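K.L.:
Sequence:
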Amino acid sequence: MPDRALDHHPETSVRAALRSPRRLVAELLAGLVVALALIPEAISFSLIAGVDPRVGLFASFTMAVSIAITGGRPAMISAATGAMALVVVDLVHDHGVQYLLAATILAGTIQVALGALGIARVMRFVPRSVMTGFVNALAILIFLAQLPYLVDVPIAVYGLVAAGLAIIYGVPRLTRAIPSPLVAIIVLTTFTVVAGIGVPTVGDQGALPDALPVLGIPNVPWTIDTLLVILPFSITLAAVGLLESLLTARLVDDITETDSDGNRESRGQGIANLVTGLFGGMAGCAMIGQTMINVKVSGARTRISTFAAGSFLLVLVLALASLVAVIPMGALVAVMILVSVSTFDWHSIAPRTLRRMPRGETAVMAATVVATVATHNLAIGVGVGVVTAMVVFARRVAHLVEVTSVLTPDGGTRVYSVVGELFFASDRELITAFDYAGDPPRVVIDLTNAHVWDTSAVAALDAIETRYASHATVVEIIGLDDRSGELRDRHGAGRLLAH
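Residue numbers (the working numbering): 519 to 1017.
Hints are computed from structural coordinates only; laboratory data are not their basis.
Incorrect hints may have been included.
[What the hints assert, rightly or not] The following label-pair restraints were derived from C-beta to C-beta distances:
{"no.": "1", "residue 1": "A725", "residue 2": "V921", "range": "55 to 65 Å"}
{"no.": "2", "residue 1": "D863", "residue 2": "T966", "range": "41 to 51 Å"}
{"no.": "3", "residue 1": "D743", "residue 2": "R870", "range": "56 to 66 Å"}
{"no.": "4", "residue 1": "I658", "residue 2": "R540", "range": "27 to 37 Å"}
{"no.": "5", "residue 1": "T966", "residue 2": "R691", "range": "49 to 59 Å"}
{"no.": "6", "residue 1": "L733", "residue 2": "V933", "range": "56 to 66 Å"}
{"no.": "7", "residue 1": "V937", "residue 2": "I742", "range": "31 to 41 Å"}
{"no.": "8", "residue 1": "L925", "residue 2": "A634", "range": "34 to 44 Å"}
{"no.": "9", "residue 1": "R642", "residue 2": "G688", "range": "36 to 46 Å"}
A quick note: this is a predicted structure, and the numbers were derived from the prediction, not measured.
All residues carry an ideal CB built from backbone N, CA and C; glycine is no exception.
Please construct the entire structure, taking both the sequences and the accompanying hints into account.
P.N.:
This is how it looks when you write it as structure tokens:
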């Protein structure tokens, strides 16, 4: 779905949300929850990079506000991230924060150029098993990131985390009008302040800024030597940022059942980093944890929530700093544990799934998880996963799928003939080859001259049936060979429904 169509989709349209007070309030509250969770993370990422907390906080503000306008995936949250912070540690240590700002601006420029060149097309070569490993690794990393807040702390912290989880899981049983993480944060903050309980708070993580970010040019020598210093870091920042952002966008696409514009998202990430560097912030990208809070936990769907997250963040750290500073870290840890649990794809490790899944795809998923968790670097993990997938599928070389169609004489049925090998590199092309809105009430898809290689292709066939079903079109798939039929029977939507 092109970006313009996505902006006019009933679920993701800003205008539709503005006309519905209930949806508008939900979007704003979702943004507030994200903003509260962003503050300690932005401070932590700043400390990782070796810069003042204001650099990470300003980056989170400018990234979120900018991407809300320029991005290709509504409701996705972008801000300062740990992966990006790790890239620039040596740059900051050896050359200082001004070189970091220059590298951020150059990284943004590279991302804009890559977006213009259509870099998003490369994402079709990331198989579903790598996506599953990426998601599971992210969930594990999110959980591991909470452990420092649970070690050598007062025993009351454990009580707060337990109470926070009880509130988060209990409130939705009573009402969904207010995001349960926000309720947990408010209740636990009020309790600790009134009861005078001494526990680690947001204010303990670092000083909050007391002035607005100022537009300016990095104070570095504009020479070839400077370019040679920052270029390797900028290239890495651009690559890591786009990889994380496009993978996160693809995950949100699956959750919301809408298609984003990867190239626009790439350009938007670049513009956001350009703005961030000019306003004194560190490079950022999409944050899967905060995005899951926004989309999966709070139910946000539009750019309003993303814009609100950045705006609320600035208001909170400037105007309400004294209140934000007393939020107990235990409350935010409870929120992030919820995110970790809800992000992990538990179905992917169920014994039944592991027995039915081809061993090669299980190996790809495991390699992605292990590499990501071991290095704490999503780019390396996904790279290892993709290379593993290439090895696994080395003997399954395929040409791109070809789809032709004819209309029966009575005009009541269109018959599609699919020729080629169907696997993770051709699934997106297959999905987009059909005229869902224009076809007659009955469609026949002939796969006699095609072969289904993996679960990505099975998922593509399921997606085709789902899209036709939304138009009340009956679909019949014929011509599957024995192996393709067996694979689809094991992993198709019909099998999942049967169980």
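K.L.:
So, for every hint listed, does it hold in this structure?
P.N.:
The hints, checked one at a time:
no.: 1; hint: A725 - V921: 55 to 65 Å; in the structure: holds, 59 Å
no.: 2; hint: D863 - T966: 41 to 51 Å; in the structure: violated, 34 Å
no.: 3; hint: D743 - R870: 56 to 66 Å; in the structure: holds, 59 Å
no.: 4; hint: I658 - R540: 27 to 37 Å; in the structure: holds, 36 Å
no.: 5; hint: T966 - R691: 49 to 59 Å; in the structure: holds, 51 Å
no.: 6; hint: L733 - V933: 56 to 66 Å; in the structure: holds, 60 Å
no.: 7; hint: V937 - I742: 31 to 41 Å; in the structure: violated, 52 Å
no.: 8; hint: L925 - A634: 34 to 44 Å; in the structure: holds, 39 Å
no.: 9; hint: R642 - G688: 36 to 46 Å; in the structure: holds, 42 Å
Comparing the model with each numbered hint stated earlier shows that hints 2, 7 do not hold.
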